[in-house]
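So the sequences go chain by chain: A and B.
The numbering used here numbers the first residue of the first sequence as 1 and each following residue consecutively.
The numbering used here numbers the first residue of the second sequence as 1 and each following residue consecutively.
What the hints contain is simulated information worked out from the structure, not anything from laboratory work.
Pair by pair, the computed Cβ-Cβ distance ranges are:
#1 B:A16 x A:V301: 50 to 58 angstroms
#2 B:D27 x A:T71: 25 to 33 angstroms
#3 A:A260 x B:D183: 31 to 39 angstroms
#4 B:A16 x A:R358: 53 to 61 angstroms
#5 B:C332 x A:T71: 28 to 36 angstroms
#6 B:G217 x A:P371: 41 to 49 angstroms
#7 B:A243 x A:A260: 39 to 47 angstroms
#8 B:E58 x A:E270: 44 to 52 angstroms
#9 A:R62 x B:P371: 16 to 24 angstroms
#10 A:P120 x B:E58: 55 to 63 angstroms
#11 B:D244 x A:R62: 40 to 48 angstroms
Beta carbons: idealized from backbone N, C-alpha and C, even for Gly.
Number of protein chains: 2
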Amino acid sequence: MSELRSKAEKLDGADALAAKRGEFVLDDVVYLDGNSLGALPATVPGRIEDVVRRQWGELRIRSWTEGGWWTAPERIGDRIAPLVGAAAGQVVVGDSTSVNVFKALVGAVRLARLTDGGGPERDEVVVDATTFPTDGYIAGSAARMTGCTLRPVPPSEVPAALGDRTAAVLLNHVDYRTGRLHDLPSLTAAVHAAGAHVVWDLCHSAGALPVGLDEHGVDLAVGCTYKYLNGGPGAPAFLYVRADLQDRFESPLPGWNSHAEPFGMSPAYEPAAGAVRGRVGTPDILSMLALEAALEVWDGVTVDAVRAKSLALTDFFLECVEEYVPGGRVECVTPRAHGERGSQVALRCPDAGDVMERLIERGVVGDFRRPDVLRFGFTPLYVGFADVERAARVLAEVLA
Amino acid sequence: MSELRSKAEKLDGADALAAKRGEFVLDDVVYLDGNSLGALPATVPGRIEDVVRRQWGELRIRSWTEGGWWTAPERIGDRIAPLVGAAAGQVVVGDSTSVNVFKALVGAVRLARLTDGGGPERDEVVVDATTFPTDGYIAGSAARMTGCTLRPVPPSEVPAALGDRTAAVLLNHVDYRTGRLHDLPSLTAAVHAAGAHVVWDLCHSAGALPVGLDEHGVDLAVGCTYKYLNGGPGAPAFLYVRADLQDRFESPLPGWNSHAEPFGMSPAYEPAAGAVRGRVGTPDILSMLALEAALEVWDGVTVDAVRAKSLALTDFFLECVEEYVPGGRVECVTPRAHGERGSQVALRCPDAGDVMERLIERGVVGDFRRPDVLRFGFTPLYVGFADVERAARVLAEVLA
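Use the sequences and the hints to build the structure in full.
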């Protein structure tokens, strides 16, 4: 056995999270695409069968009250909250990430204007120029609809771009392409120093590493639940609004679910208190309760333990790639420094599209991001060190 | 056997849709709340089990392409289209009704301004003053964010309220409380004569009666899929944008799913052609594919046949109520004229909340709408005439 294979065996043997893999439906494939769609937690199929057959089929409309459907968005939000460092009552689940980016960013601009004390009108929205595209598109619409100019800026240049015209800033915690982890505490502090509000997109960090929303005084955040939170395809996203901002948060999508008394059927809108204010319309119960079941795998798991294993996995993957893959064949675009790395490794190679196809044929599933990036996501709850060694070995074979 | 019971028996015997009831999971309850949450179609549980266990659990990320997940919003839209009188390529499924009202209404205001030829700026949004509240709340936000004034007007007074300031009008096809059916053709024509655009909310008509979107030249429409379309709790809503308006339709929620080349990951937004332009973020696959399975019950069914049975059901219910219920105990607020009646009957009585509780205890499920309305919805695909007779008889017992 090669040295790296026996090292993998030792690392797996010492892995306190190893047993968690048994709580997922997995096969012989090395699944390194959990940052696109998380694997199926074993509790989900039975739960969904109950939701469909009994809760919908037998109890029907009674489930809205007796079955806890109505309160699911905030109940599941409270289950996600500790995973992103938030106290209860600040996270609500529902709608897509894109829709939540719109709510959060329009809300942030309105907050900045409410709290402004003199000076020019705040009429700029700063957005990460390297963002996953939907955030930029939605930010463009949010800016247009609030009378702001959109200013795309690379994250490293954000502090210098802030000023008394800045209303709101939309940033990604982890870059979806390179896997770079941005410095949430210092960027948040810089935005606040400029008198603006920040919205963090946690799609590639929630469930993968500590976020510390409350600790770092983040204003608003959104995130995806179908990547590291394994909620299922298109599972609803979440919205965080910091407790002390909630009573001034004005959603641009004030649907009846966000009303103080939704069944009062009043023609006058009066927003609910708390995170519920971020709700919009009737929640998609099937997708939402699949997510709730999926979150049970987090029982007894700390995000710190996940982060420690995540870094060990990506360190080991880089070590194996260096050892196995012919020199110069790939270039790692993910930072080496732990403080700058998410839970993925992105390797640049000119024929990345073809390479990923051949990897998938050989049972190693990552994904391809145009034009030339091989992207491998490491979900510590179900990826082990032997998987990592095998992935690097198969990659080397394909590239040879 | 009473005269009405034998009449019910005859009507059920002659009902060409009677066999459809067997395609739903039902019990001994008389379920007259399908206008709140449709009953479970029998094909859904098996389909969802396949979606969860095989498509998500085994194929995982491959299902986005191989399993048809990615194209589900427009594919399911095309399945709904004929039910609302639309040719293919104009309906897309996704997000809640509230979110779609926002897309449609902002889009309508922008269209009105694009096509305007001189005159004052169009800066008024007219909304049905008796609307289900979420439409009014969202219309308020859409108006605010497009620099318009919101003007709530009772539907009968809408034609007189229109003018050269009117940008867009949001109307309900069927009033959620009274069950009144509004005159879609003539109101649409009136809005067009004023140079404005109309958005119809079809929540209480889609799947219950002919809508004729194309025939009547409707501009935009939204609707719910968990009432008469039986898509399941919180199933995604739909958006209709008339074909010739699509290339000028500007969504306020331009998420990456609406991009001409979503996987190009371009920072510049370029909207897709067709109904796809109404998409936003990643679709909630579990809820969406439950809806797709639910729509199979429409195979071989025409909306005209559903409408004919619906009117026969509500006529017969009114006949039974008149015969059984002591005079003066309830007042029918649903119009008697077929041309003004949706697929529900609303009865006003001062103690409606208590009465509905006692009805439900006795196996007749409708719902209560504050302050004093008993609401009974009739879904022709699974409600029969014996159900109707029994509901009226139990109502009379409770009211005696």
